[in-house]
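**Student:** The residues making up each chain are set out below.
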Amino acid sequence: MTSKNLFVGCATGFSGDRTDGTKPVVETLIALGGGVLTFETLAERTLARAQIEKRKNPLSGYEPLLDDLVGPVLRRCLDHSIKIVSNFGAANPQAAAQRIYALARAQGLRAPRIAVVHGDDLTQPEQLQYLLKRLSSNIDPARIVSANAYLGAQQISEALQEGADIVVTGRVSDPSLTLGPALAHFGWSLDDWHRLGCGTMAGHMLECGTQVSGGYFCVPGQKPVEGMDRLGFPIAEIDSQGNFSVFKAANTGGRVDLRTAKEQLLYEVHDPAKYLTPDVTADITNATITETAKDRVRLDGITGHARPPELKVNVYYDNGWIGEAEISYAGFKAKERAMLAGDTIRKRIGHLIDLRVDIIGALSIFGDDAGELAARGLNTSANDVRLRVAGVHMQKEIAEKVSREVLALYCCGPAGGGGVRTSLKPRLDTLSCTIPRESVDAGWTIAGEERS
Amino acid sequence: MIRAMTEVPLHQLAHGRAGDKGNTSNISLIAWDTECFQVLLEQVTEVSVAAWFGHRHPTKVTRYVLPKIESMNFVLEGILDGGVNDALNLDTHGKGLSFWLLDMPIKVSPALADRLSNQTY
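For the protein sequence lines, the chains are E and L, in the order given. When you line the first sequence up against the working numbering, it's residues 111 to 562, in that order. When you line the second sequence up against the working numbering, it's residues 4 to 124, in that order.
The shape of chain E in the complex, shown without the other chains (with noise of 0.2 Å):
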């Protein structure tokens, strides 16, 4: 527990996103003097995905990229206390942890303490039944694929005032990743609404990563971003009080400025007097933003109110099939021949299935299901156009049918169409309820190193 100030490092903002923007993050925690690094990896849908993944292969279920998140910067983070807090235990933390302890023996490096977070994952059969009732549902407990509470910092806190190096979470609310540490660091208590408000905000502004400092902000000529091949990813200072700024790791691209501050501030945000996290209900009405330096914002007047009585579980489950195929048709009537290629497929079985029909080009994302909107009238100029058809049944050999109806355009469809890209997916559908934190066994343990 310290006074000083506390610098959190978020150099991922999804699974799958860029690795690279690891080093210049820890380089510049190094230069600060300290700190935390952590990587968002856990987007709602990647959790189900990989519990798919671990069901194959009991050693996998974890983020995949995770060697070349950690792999670059181990040494550097053992050799500087730098702590590494992060989702990316996924479906399987203990496989993660010692995934990691792999990886510090192939380097040469003295064992780190890796700390994971139990008590998400709630697929035992006596918890599907449960969430089952909780949620008043009666679909088949065979057909669900993952089912986890939303747990809160508390238990990343205690794992590194234990002296962790590394702590692995499954689901946490993201904000936790970066509430965590400053609660170790600052001995806050865990009531202290206020404080907890802060410092749920701080991992807000992170938790995506370069979405605050010009990641998926820039519109050329209107709000440029210089540097969008090297952007640089976020840091915050986080004082005693729960005050902090946010700036980006030196050496990079990107911007960290009103715009950029304002954009992440109200992501996936709804009621901002009630951002609800396990940990606090977070309100952000009168908060302010303080350009303070280049690249570097202050936020101020957040606070927070008591924690939701109960934690939030999302549970994955298979839902059928889906069909989608796209093919391409360009000059002369490219619109017209792909609209006549879509009723085609629309008379031969759309009374089979439900089908979607987007002429990309000319109307696409946009548009609704029943085509509403594109009944209003297409983009006349559009002269390269892509058919998509897609359609979701419950039998995988009805979805497919998508598929071989368009790649069948080959030679029955309209004239010129090129390009047929096809593909079958399962569907997973979700189903959200809350629990209470007892029915909840939240807890952490220093993962013990097995040596195969």
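Just so you know, the hints here were simulated from the structure itself, not pulled from any lab data. Predicted model only: the values in this text are computed from it and were never measured. Among the hints, a few may not be true.
Here are some, though not all, of the chain L residues that point toward chain E, as calculated from beta-carbon distances under 8 Å [claimed, not checked]:
{"hint": "1", "residue": "40"}
{"hint": "2", "residue": "91"}
{"hint": "3", "residue": "103"}
Quick look at which bits of chain L chain E covers, simulated, 3 or more residues with Cβ under 8 Å [claimed, not checked]:
{"hint": "4", "segment": "42-56"}
{"hint": "5", "segment": "71-83"}
Glycine included, every Cβ here is placed at the ideal spot set by N, Cα and C.
Given the coordinates of chain E, assemble chain L onto it according to the supplied hints.
**Tutor:** Just chain L, lined up with the frame of chain E:
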């Protein structure tokens, strides 16, 4: 003499970003400056936004106003055709929907339209 108002797309007055949770999309709208924010308050309302997204049939549209950062946050429920797992839309998250909102036509004075055209921020 009062000159007639002119129409400009919303992106001349604001920027924003869309995010998703389940079948709900939230779209932030951040005014470029104080004068723009006043126009947003008058014209970009729950009713006008619900109408602009009519083809996506939102079940509920809520506007939250954050005057200290001259921003507003729209929460549009039921517009993602089921959301990231369910939807047949290519953009299952509705990531691009902020750019649909930013094309909404807004009435401004010719003087403001002149000032805002081709600005770089």
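**Student:** Decide, hint by hint, whether the structure agrees.
**Tutor:** Results of checking the hints against the structure:
For residue 40 of chain L, the suggested interface contact is broken, since its CB lies about 12 Å from the closest CB of chain E, more than 8 Å. Taking 8 Å as the C-beta cut-off, the interface hint given for residue 91 of chain L holds, the closest approach to chain E being about 4 Å. A hinted interface residue such as residue 103 of chain L counts as satisfied when its beta carbon comes closer than 8 Å to some beta carbon of chain E; here the least separation is about 5 Å, so the hint holds. Remark: the segment 42-56 of chain L is not confirmed as covered by chain E, as 0 of its residues place a Cβ nearer than 8 Å to a Cβ of that chain, below the required three.
Figure legend: the segment 71-83 of chain L, annotated as covered by chain E; annotation consistent (5 residues with Cβ-Cβ distances under 8 Å, at least 3 required).
Checked against the numbered hints given earlier, this structure breaks hints 1, 4; the rest are met.
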